[in-house]
Amino acid sequence: MPNMTESEVLDKFAQIVAKSLRIEASMVTPDVHLNDLGAESLDLIEITMETEAQFHIFLPDKSILETAVEVFGPGILEKDGYLTEEGKRLMFGRMPEADQRAFSGEVAIKDLQAYFLKVSTWVRMIQGLAQYTPAECAECGGAMVPSMGFRMKCSKCAQEITLRSGEELNREWVREYYEKEYRPGADAPVSATAV
Amino acid sequence: MDGLACEAGLLAAQILSPGERAHWDSMRAVEKRRREWLMGRAVAKEAVRLLLERDLHLHLAPPEIEIQPDAYGCPQVNLVGQAPSPARGSQPRCALSIAHSDGAAVALASLAADTLVGVDLEGLSRRREDFEAIAFSPDERSLIAALAPELRDEWALRLWSAKEAVGKAIGRGLTAGLEAFHITKMETSTGMVTVDLQEAALAQYPRLRGQSLNVYTARESNFVFSAIIYQHGVVRMRPSRQEILDYLLQKMGELTQDWDYTDPVGPESKLFTELGFESLDAVVLCTAIQEHYQTPMPFAELLAEIGEQQRDLSITELTDFVNAHLGAADGTRRVQ
Chain A
1 MPNMTESEVL
11 DKFAQIVAKS
21 LRIEASMVTP
31 DVHLNDLGAE
41 SLDLIEITME
51 TEAQFHIFLP
61 DKSILETAVE
71 VFGPGILEKD
81 GYLTEEGKRL
91 MFGRMPEADQ
101 RAFSGEVAIK
111 DLQAYFLKVS
121 TWVRMIQGLA
131 QYTPAECAEC
141 GGAMVPSMGF
151 RMKCSKCAQE
161 ITLRSGEELN
171 REWVREYYEK
181 EYRPGADAPV
191 SATAV
Chain B
196 MDGLACEAGL
206 LAAQILSPGE
216 RAHWDSMRAV
226 EKRRREWLMG
236 RAVAKEAVRL
246 LLERDLHLHL
256 APPEIEIQPD
266 AYGCPQVNLV
276 GQAPSPARGS
286 QPRCALSIAH
296 SDGAAVALAS
306 LAADTLVGVD
316 LEGLSRRRED
326 FEAIAFSPDE
336 RSLIAALAPE
346 LRDEWALRLW
356 SAKEAVGKAI
366 GRGLTAGLEA
376 FHITKMETST
386 GMVTVDLQEA
396 ALAQYPRLRG
406 QSLNVYTARE
416 SNFVFSAIIY
426 QHGVVRMRPS
436 RQEILDYLLQ
446 KMGELTQDWD
456 YTDPVGPESK
466 LFTELGFESL
476 DAVVLCTAIQ
486 EHYQTPMPFA
496 ELLAEIGEQQ
506 RDLSITELTD
516 FVNAHLGAAD
526 GTRRVQ
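Respectively, the protein sequence lines represent chains A and B.
Under our numbering, think of the first position of the first sequence as 1, with each following residue one higher.
Under our numbering, think of the first position of the second sequence as 196, with each following residue one higher.
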């Protein structure tokens, strides 16, 4: 569903969370964190699976920061539990301005982890990934329906496509950032557009 | 700790340091989560308090044992108002891990040098249908599939819990991705689960390269529990059969010290008919042996076999059993 608005995504996501945690959907507001709603690790797994099934997307298995650290190598983006200046630049490049402002001074990894559990972060991630899931078949224009695994199938011509993996997309974004924006030693501010 | 018997605010006022109190007051979480956090703090402080008392004769009140997360979110112990002792040069270092689930909390602490601890708790009722598909790799799933059907749900949760415990032990949780915590082995008789860290997790904790990690898992009523204690660099010689026998004779002497039995305990002494063991004594002995060698052994099976065959067990036989279960005879083994 590529064209859902943010509030449509939020409503649908809130239903998934509410059902999993047995709470009222009205409690699932953009600023709240899933762990503060009582989600344990296995609840997060269930929420991930339900979200993937209902939005027809393939969520990443780890945060963009972990993927970025793998691409950049150790010690460049994060050191002793805090983002480096380079790390802040990369992470802030993915965040709306309002979210950036919530981080002042040092950014601890634990605070970023909390940020990744924020409902609004999930909503934006879902919306971003949903763009890659076509509603219509590129061949014949028929409606796409979910198929086995992370696949979609055309209801008319049976053409099948595999969903883009969130982790792959994260990795591509990081690689591009690394090539274009990362200048070892340079301290010039860079601008990166959010996916 | 299971359930919170008193009013949460009252407990908070009793056990939290001013810094922890500020966090508690600012927590925006739902009541269930706040209570679990508080229970976690309560059991963790108690575990640390008992250790300090037993090993260092340090008598502290719970608010003096402050627990604050580090930048990665891993709990760190800070003894409030404790001047660094001249003998130690600094505060006692205490490794700590806390877990809560489904209204219960558990903590594991160690004062041993250079030691990692990790603990996890999962309520069985929270097990999700089909969570294996996302939580495990195909070969991990085939480990579960090889089990008897009635064991699969519980063991799937044990394996998940073992990954969580290792993540906590390395201080970074499962942020490296689930496949970075690869389960290679499990033993239903002892509950032991072996986890090998893959590259993404080793990048976070390079010192564990080349090490397999053994996690002890258990089920207790509606919970599955996992724990790992790992001490860096401790390699002990594998004891010889004679050393095992000497240890068992000495242990047996200690256990039966206050009993009526007066004859000396020898290799051919029989546990039940001669030494007057009862089943509870056998459990105490088996636990002591496993702790001493830091290796789980299938004692339950041995005792069941003896029960079935209606025979007794000599110390020699017990020595052979321990000897057979102390792992590879390559001279050394890792002690965890």
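Hint data in this document are derived by calculation from the structure and do not stem from the laboratory.
Treat the hints with care, since some could be wrong.
Sample of chain B residues lacking proximity to chain A, with all beta carbon distances greater than 12 Å (derived) [as the list claims (entries may be wrong)]:
| hint | residue |
| --- | --- |
| 1 | Glu248 |
| 2 | Asp315 |
| 3 | Asn417 |
| 4 | Gly448 |
If you want the footprint, here are the derived chain B segments under chain A, 3+ residues with CB under 8 Å [as the list claims (entries may be wrong)]:
| hint | stretch |
| --- | --- |
| 5 | 214-227 |
| 6 | 377-390 |
| 7 | 410-416 |
All residues carry an ideal CB built from backbone N, CA and C; glycine is no exception.
How the hints compare with the structure:
1. Non-interface call for glutamate 248/B relative to chain A: holds, since the shortest CB-CB distance, roughly 30 Å, exceeds 12 Å.
2. Distance check for aspartate 315/B against chain A: the nearest CB is about 9 Å away, which does not clear 12 Å, and the non-interface claim fails.
3. Distance check on asparagine 417/B: its Cβ is at least 14 Å (rounded) from any Cβ of chain A, clearing the 12 Å threshold; non-interface status holds.
4. Every CB of chain A is more than 12 Å from the CB of glycine 448/B (nearest about 47 Å), matching its label as outside the interface.
5. With 5 residues having a beta carbon nearer than 8 Å to a beta carbon of chain A, the stretch 214-227 of chain B meets the requirement of three or more and the stated coverage holds.
6. With a threshold of 8 Å between beta carbons, the proposed coverage of the stretch 377-390 of chain B by chain A is violated, since 0 of its residues qualify and at least three are required.
7. Under the rule that three or more residues need a Cβ within less than 8 Å of chain A, the assignment of the stretch 410-416 of chain B is violated, with 0 such residues.
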